[in-house]
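Asker: From just these sequences and the hints, can you work out the full model?
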Amino acid sequence: MKPIPPSSCSAQATVIEKRLKREIAKRKATEIKLKERCRDYDALLSGSLLMQEQLRHLSHKVLQAQEEERKRISRELHDEISQILTGITVKLAALKLESTSNSINVKKKIDTTQRLLEKSVATIHRFARELRPAMLDDLGLVPALLAYMKEFGMRTGIRVQFNSVTADKLKTLDSLNRIVIYRVVQEALTNVAKHAKAELITVSINLPPDALNMEINDNGISFNVNRLFVARKQKHLGIIGMRERVEMVGGVFAIESEPDKGTTISIQIPFKHNVA
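Under our numbering, the first residue of the sequence shown carries the number 13, and numbering increases by one thereafter.
The reader is advised that the hints may include incorrect statements.
Lysine-lysine pairs mimicking DSSO-like chemistry, simulated, CA-CA at most 30 Å apart [said to hold, decoys possible]:
no., residue 1, residue 2
1, Lys120, Lys131
2, Lys45, Lys83
3, Lys119, Lys108
4, Lys40, Lys30
5, Lys83, Lys131
6, Lys162, Lys209
7, Lys131, Lys209
8, Lys120, Lys108
9, Lys131, Lys206
10, Lys162, Lys206
11, Lys30, Lys47
12, Lys119, Lys131
13, Lys183, Lys83
14, Lys45, Lys33
15, Lys108, Lys131
16, Lys47, Lys33
17, Lys162, Lys181
No lab work stands behind these hints, which were simulated from the structure alone.
Answerer: Printed below as a string of C-alpha cells:
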C-alpha cells in the first residue's frame, strides 16, 4: 500500500476545512434568521395580545356606556313621559266629573281614553324597569331581582324559584357588579322564554370565600353549546353578551346544556365581602 503524499493530505484537510467553514456559516446564518423570525413572531404575538386587550377594553367601555344610556332613558321615561300621561289621565277624570249635561257618549270616550292612557303608563313603567330598574340603585340587587322575576312569571307563565343569601350580605356589591348580575338574569330568563319551552327556572346565589356564585337552571330543551359560540347568528348575541359582561368584571362564565337536564348558566365573580 502506497503512503499518501503529505501534499495530498494537506489538500484534503483544506477541502474539509472549507466545507466545515461553509457549513458553520450556513448554520450561523440559519440561526440568525431563526432568531429574527422568533423576534418577528414575538412582536406579532405581542401586537395581537395588545389588540385583543384593546378590543376587550373597548367592549367593556361600550357596555358601560350602554348602561349609562339605558339609565338616562329609563329615568326620562319614568320621570317625564310617565308624569305627562298621568297628568292627562287626571285631567280626563276631572272632565268626566264636570260633564253634567247629556253626554253619555263623551263619558264613554273619556273612559276609553283613560284605559288607553293607563295601559300606556303601565307599558312605559315596564320599559323603564327593563332598561334600568330604579329599584336596583335604590333598594339593591335582591329586591330588584325578586320584582323582575315576579313580573316575568306573570307575563310568561314560567315558574321561577329564587334561592339567595340575604340582601344585607350583598350590600357591598358595587354598582357595576349589581348591574352585571341583574343583566345576566334578565338575558337568561328572556332566552328561556324565547327558546327553551321550559316550565321552571331556578336561580341560586351563594357566597363562597371571596366570590359570588350564581347558577340559572331551566328544565327546557337543550342545545349544542360548542356550536353556539362558533355560529355567527343574531340569536346567540345574548349569550355572548352575558359572557362579555361577566368577563368585564373579572368573572368566569360557563354554560352547559344536556338532554333531559335543560340548560345551566354558571357565573363566578370576585367579591370581597364580610359574612355576618
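Asker: Could you work out which of the previously given hints the structure breaks and list their numbers from low to high?
Answerer: The structure conflicts with hint 2 only, although it agrees with all the remaining ones.
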